[in-house]
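> Using the sequences and the hints given, assemble the complete structure.
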Amino acid sequence: MPAMNMIQAINSALDVMLERDPRVLIFGEDVGYFGGVFRATDGLMEKHGAKRCFDTPISEGGIIATAIGMGAYGLRPVAEIQFADYILPAYDQLVSEAARLRYRSGGEFWSPITVRSPYGGGIFGGQTHSASPEALFAHVSGLKTVIPSSPYDAKGLLISAIEDDDPVIFLEPKRIYNGPFDGRQGIPLKPWSTHAASAVPEGHYTVPLGKANVVRPGQGVTVLAYGTMVHVCLAAVDDVGADAEVIDLRSIVPLDIDTVVQSVRKTGRCVIVHEASRFSGFGAELSALVQEECFYHLQAPIERVTGWDTPYPHAFEWDYFPGPQRVSAAIRRCVEARP
Amino acid sequence: MPAMNMIQAINSALDVMLERDPRVLIFGEDVGYFGGVFRATDGLMEKHGAKRCFDTPISEGGIIATAIGMGAYGLRPVAEIQFADYILPAYDQLVSEAARLRYRSGGEFWSPITVRSPYGGGIFGGQTHSASPEALFAHVSGLKTVIPSSPYDAKGLLISAIEDDDPVIFLEPKRIYNGPFDGRQGIPLKPWSTHAASAVPEGHYTVPLGKANVVRPGQGVTVLAYGTMVHVCLAAVDDVGADAEVIDLRSIVPLDIDTVVQSVRKTGRCVIVHEASRFSGFGAELSALVQEECFYHLQAPIERVTGWDTPYPHAFEWDYFPGPQRVSAAIRRCVEARP
Amino acid sequence: MLKNSRLQLHIPRPPARPGETPDFSYVDLQPAGACRRPPTDEAESRMRDLPFGLVRVLDDDGSAVGPWAPELGDEHLKRGLRAMVLTRIFDDRMFKCHRQGKTSFFMKSTGEEALGAAPSMVLGMEDMCFPTYRVVSYLMARDYPLADLVNQIFSNAADPLKGRQLPILYSARRYGFYSLSGNLGSRFGHAVGWAMASAYMEDDKIALAYVGEGTTAEGDFHEALTFASVFHAPVILAITNNQWAISSFQGTAGGQETTFAACSLGYGIPGLRVDGNDFLAVHAATAWAAERARSNLGATLIEFVTYRAAGHSTSDDPTRYRPSDEPRHWPLGDPIARLKNHMIRRGFWSEEEHAALEAECDRQVREAVKAGEEIGTLGKSKPGVEEMFECVYKVPDWRLIRQRQELGV
Amino acid sequence: MLKNSRLQLHIPRPPARPGETPDFSYVDLQPAGACRRPPTDEAESRMRDLPFGLVRVLDDDGSAVGPWAPELGDEHLKRGLRAMVLTRIFDDRMFKCHRQGKTSFFMKSTGEEALGAAPSMVLGMEDMCFPTYRVVSYLMARDYPLADLVNQIFSNAADPLKGRQLPILYSARRYGFYSLSGNLGSRFGHAVGWAMASAYMEDDKIALAYVGEGTTAEGDFHEALTFASVFHAPVILAITNNQWAISSFQGTAGGQETTFAACSLGYGIPGLRVDGNDFLAVHAATAWAAERARSNLGATLIEFVTYRAAGHSTSDDPTRYRPSDEPRHWPLGDPIARLKNHMIRRGFWSEEEHAALEAECDRQVREAVKAGEEIGTLGKSKPGVEEMFECVYKVPDWRLIRQRQELGV
Ligand SMILES: Cc1ncc(C[n+]2csc(CCOP(=O)(O)OP(=O)(O)O)c2C)c(N)n1
Ligand SMILES: Cc1ncc(C[n+]2csc(CCOP(=O)(O)OP(=O)(O)O)c2C)c(N)n1
Ligand SMILES: [Mg+2]
Ligand SMILES: [Mg+2]
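Residue numbers (numbering that gives the first Met the number 0), protein chains in the order written: chain A, 0 to 338; chain B, 0 to 338; chain C, 0 to 408; chain D, 0 to 408.
It should be emphasised that the hints constitute simulated quantities derived from the structure, not laboratory data.
Hints may contain errors.
To be verified - Under 10 Å between C-beta atoms, here's a sample of chain A residues computed to sit facing chain C:
| hint | residue |
| --- | --- |
| 1 | Gly61 |
| 2 | Asp91 |
| 3 | Pro253 |
Backbone N, C-alpha and C fix where the C-beta goes; we use that ideal spot for every residue, glycine too.
Okay, here's the thing in structure tokens:
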């Protein structure tokens, strides 16, 4: 099986779907001839033709509106938004239209669209190339939100998203496009090829939406994360030497509540980690849910380790980032807390 | 002191500020000659002239962009968005521009704008006239979000919002424009004049942003709410006969954490109520915070009573609404839970 | 060299408010027949006068004149007239139902009945209309069951949209009628995407989208036009300029600066300005644009000049912001009266037949309302509450299942 | 009657990709001096030809010809030339600094230096420019301290924006230069609001906003123009059509369908199409629009036709998507060379003086970079980490105070 990095895995998923299903087409800013600013669509226009993979005007609202109309026709459009920060001009289209079309039309029309977008910080992109907007989608009934943490998952989840008949926001942690970043500053990135999850089948396969992945089993504390933070958490757990169970949520809507609850009922402790800012972030929902479902099992306060409640600050991205040190400290606090 | 309903109180706040400060001006769809579809700006154009209060094109993005530009010039624009559902086309302007202008410009420019909008359900407005989007603003660093529950607060908070040098989203619970609705179906609405908080001074006064209001002191359980739900909670508490402390948050950013924590540490129990759908709603943040700050005081799981995770359903609005019955049941469960 | 050190903020003002004399001199009229009709494959650069003209066919005497006069058979016109009459009677009846508390909301299209009816007869059942809330005449021209409209408006147990949607925000896929929403303008781009999909699949279906003149100010309008232009989408983009957007006159959207049809010029798309109260002109303009779309010549923008003769909705009282006699001064008349006169003049219609048509439409509407009332009006009957939890996703997730259980439905 | 039962999706294609021969025949050129210059108070309806013309002043020989030729003194032109030369040298130097790891990001404006420099000299210090990331020449023409630019680009301890902002997204209020952001287009409407505020206060300040031709597709563009039109905002709205938007050619934004200046026609706003590589034409067009704005005649839309001679940014390699020799084929030349030739021709400039100017600019840039390096480059020096928590609000709330404590800064 070929070793792929995350970009290659995403490219492969798109390639496979273009090949299999004539209703699949791909568009977005610079995705055609150029192959995307992160190269996720590299070669697809050349291979499948300009009608299957093309550049659009710079108009995120227009891109999503076009995708919704195509979806209503019966196609399965995959739209790329160049950076997750730039989904916001299309937010109304996603919330008021894509998410509600099936509901309001009594099931006559629906929106089988996939919106791919690189998200998160770590490339010194400043406040407009570093957004982690997942909470803004999680609150919207009718949307699904998926976040892979490895090449294998990225391909399998993306194929599931494209085949799904509901609108899926597919957020790609750009920080780990090239390798499983553990959050340590100044340490050279390990390439994906050194990681098991870079073994990606060439053909079609799926990873189901709504099924979390227990990436590290443990008994002492449950750590919930997704995307880049999965790797940071693994590193932090190593550092602390805790008997932690690390769960990669993979999709936040639908959320795999059973896996989460089962784990926390077992460990009695829970640390939640994300890069987005804290206040009203997705960690809040996880914390509330865990508290509701596991109250009588909890032996320590649930901890949230997150970005600060500021815009994303260019020069301070390492200070903003909830790196292994902060995660370790939280795990330690959580494990050591005595009721 | 004149008895005012909430619309009159809001109108009075705008009138007072137009009178006091030549930099204040008001605009939005149908707010000029007509005085707004809910009459909040009634008479203001006639009294203060068309340059102080005027109609705009139907373009929420344009309205907020214009307001931001005016704010950068030195004015204090107050924009009305006709329904909170229609803020979304301007969401990018609020998140990427208004919220970050001060931060990114090193304090050279800022956005002293106020965005008023009627929100919430209860008028059979269906899915596009009933939104409760507060969580979408709470997550955005740089925005403030204020929600009054009475005429007195509405006027005092709105004046504070207009005088504030940061962007404030001012959500008006349209269900209680005319009276303090307790959530019971089929019972005639009591007018505000029967309520103490309808005594509204004619002139200038403020209610500070970030200071919650303990509307009913109690020892047995803390109930957190804002807007319409404050009244529903009071009714539910009466029904249950619980010794509940009901806190009207008034503003969710800034949040009065001290009042909340002090109360829950005292009661050991907490019920959170809002009309917005549950998943990743603002109740999640409240639950997470209370859990973090009061873990060792909690004697029962924190409860959330909210709208369901569906779009707002026209014919089912009474089934969707977290009315006194559902709130009562939660309070009862919470009070009766034994560790 | 003009200079003025004191700037002044310009706030547009309508010609007349309540108590003032209505004044429609601002509407740039042209005699019927005066506007030229280029071939459909004419280059846009040679049609830049059209957005400033006015396509009119019916003259003051009810004759069809000029190059745009379509050749339409008697039966076709009778069907068109019927759709318009039915729409008007239905609107009046449902408005009354609202006043009687039978529904939460309603909107009339009085005076604008030609805008849905004529295009509906130009397009096929496989084409797709992306409507506004004011073109129910599109469905009327296709014999959509009145009972389904009534049940949707009453949100009763037989509501085809399962009680989830505000009255009149219909969806009727089998009739080529896309799901409506209360958000203005946000479906304009869906029409473009849908049309692009048809072209992508090498099908022959085209799309038609409507937007109010007030709504042209939304960014969605521009984005849709941009995509339509760049990808030559086979779509007809129609602006219904009925002079009002709730209480805001058309100048609030820029109507005092140029015509709405002139928007087309920024996209290199042909633009027509059309008498929207002239069934034949609406028909001809739509047919012209449809031929362009079907011939791979791309999009056309049409401004229909019309007048919202009634209030904005059941929540509105137009006498608060415009002269109460303004509707009577509208210079382009009433679309039903004008088509009727034309048909009488052509000799295949009469006052008697018209009265009979009205009576027949009235009977049908009464029957449909009665049937709807028997099922139940707002609050008296509704779909099963479990419908609240359906169709959020194709398959509900645990949240919806649990919440449904919690509610016990 | 054209009919085609099989629709085809049209995907626009640039004239040349790598390996193909550059072809700029699509650029509709007109000889210098050919475009008429109406008085500034001419009605828009009598200027509808202008968006399809091309305002040019400098002819191939370097003479200033035609009605748009401005009367500018020698010193004025020397200042303009200096701003452009300084910009180019600064750009080249900072690009190198990026390659040396001294900053995270940079963007050049090579070939577009006239677009900021000339308007900057037309407008006053009290007017406000709402820039794109490609008009640093606006600041250069106002002697903004180079050191402040460098420190911002290095995000070092002296960064005036406190390390919070991506390099080159400057803010310089005292120089009439509004805060930049990475989001395309979202400040276009701020300019309109700012200009409306000036009119509201009966001040005399006007605004100028830039947007790339690619960015015209955003809804914000349309919304800004709509407000500018309806409220007669004293604003100049400029489109910099540099033929490319990263890898997407201008046809991706509609440039194969009509001119970008033609957008003005949909709003009843005068529209000019201007040779953007001609300092005198840019100056004259801006002055014409500024006079309109100051005279309460409202907004003007200007398309500057230019060419992005360098890559999009430090993250870009343009040879991947356009012929590597394309820049050499651009028919409108280089703005610095053209102004220099004109000045030499007019007799108050020489190759020697030009070389001296370049050397002087180079020296200044080197000094500024050196000073910045002494403070520190990216990662070597930064503002105090507490700055991360400042300016989120005017006064931080408990969350920021606690989080700052948690981080221990
Ligand atoms: C995005 C959005 N903004 C505002 C509204 C409130 N609203 C409903 S109808 C209307 C006026 C629309 O006017 P126009 O587009 O001219 O259509 P008309 O009603 O005249 O047919 C407004 C402002 C809305 N429904 N959606
Ligand atoms: C809202 C938004 N969408 C997408 C981007 C990514 N992006 C940055 S620059 C650029 C191209 C802009 O092209 P143009 O407007 O022509 O300006 P130019 O770079 O040519 O000066 C794109 C797509 C962005 N910054 N903001
Ligand atoms: Mg209208
Ligand atoms: Mg460009």
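> All hints, please: hold or fail.
We went through each hint and held it up to the structure:
Residue-level restraint check for glycine 61 of chain A holds (minimum Cβ-Cβ distance to chain C is 3 Å; threshold 10 Å). Look at aspartate 91 of chain A: its Cβ gets to within about 6 Å of chain C, closer than 10 Å, so that hint holds up. At a threshold of 10 Å, the smallest CB-CB gap from proline 253 of chain A to chain C is about 4 Å, leaving the interface hint in force.
The structure is consistent with each of the numbered hints, conforming to all of them.
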